[in-house]
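Number of protein chains: 2
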Amino acid sequence: MERTKYRLDDTICPVARTAEIISGKWTLLIIRDLATGVKRFNQLERSLCGISPKTLSERLRSLEEEGIILRRTFAEVPPRVEYSLTEKGQDLVAVIEYMRSYGKKWLC
Amino acid sequence: MERTKYRLDDTICPVARTAEIISGKWTLLIIRDLATGVKRFNQLERSLCGISPKTLSERLRSLEEEGIILRRTFAEVPPRVEYSLTEKGQDLVAVIEYMRSYGKKWLC
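Residue numbers (the UniProt record's numbering), protein chains in the order written: chain A, 1 to 108; chain B, 1 to 108.
Do not rely on the hints blindly, as some may be mistaken.
Claimed, not checked - Derived contacts from chain A toward chain B, CB cut-off under 8 Å, selection only: (1) Cys-13; (2) Thr-18; (3) Pro-78; (4) Ile-96; (5) Tyr-98; (6) Met-99; (7) Leu-107.
Since the hints were made in silico from the structure, they are not lab data. All C-beta atoms, glycine included, are put in the ideal place defined by N, C-alpha and C.
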């Protein structure tokens, strides 16, 4: 059983956790949008046509808590808020692109 | 809306379908086992300690239907059945390893 436990921990945890983060259509689209550079809240909202401000706020907060995106506020009038990918977020873009290539080649 | 639809199809479908296939601990472990070469049913059963023959049969059948593994039977006594990865399966190993590296670096 120890062998199984070791293999489960080693094999499944990192893959399952990565899949978990990637699941969710808005999360994917937000990460892809930020992959091209820093964006303001309004820019993301316009780009992700169909997302409600409430949902966008929630997704951004959750990605910030996960350390995938960085939120910077500027003391301007009106206040400016910008979002960008952290290094962890940039690495995730590469994973997503890799999964997308596979999916396009073999599944969709 | 057209723009969103295009982006959803293009961005989400291949990634979501890939994540779907990868989810499920036994599926992952079977693919990893076959990544090292052709295996017989009994070899897989021994290696994946804890799996029931029924579950293993089901997972193997479903992976075969997905075109990820190949089942070859040999008319011997007792009958010999061997499983191996197809090209689609081998490509999936690379995706899994990529997700695993990400997860180990950033999540687990």
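Do the hints match the structure? See the list:
{"no.": "1", "hint": "Cys-13", "in the structure": "5 Å, holds"}
{"no.": "2", "hint": "Thr-18", "in the structure": "4 Å, holds"}
{"no.": "3", "hint": "Pro-78", "in the structure": "27 Å, violated"}
{"no.": "4", "hint": "Ile-96", "in the structure": "6 Å, holds"}
{"no.": "5", "hint": "Tyr-98", "in the structure": "5 Å, holds"}
{"no.": "6", "hint": "Met-99", "in the structure": "4 Å, holds"}
{"no.": "7", "hint": "Leu-107", "in the structure": "4 Å, holds"}
The structure fails to meet hint 3 from the earlier list, while all remaining hints are met.
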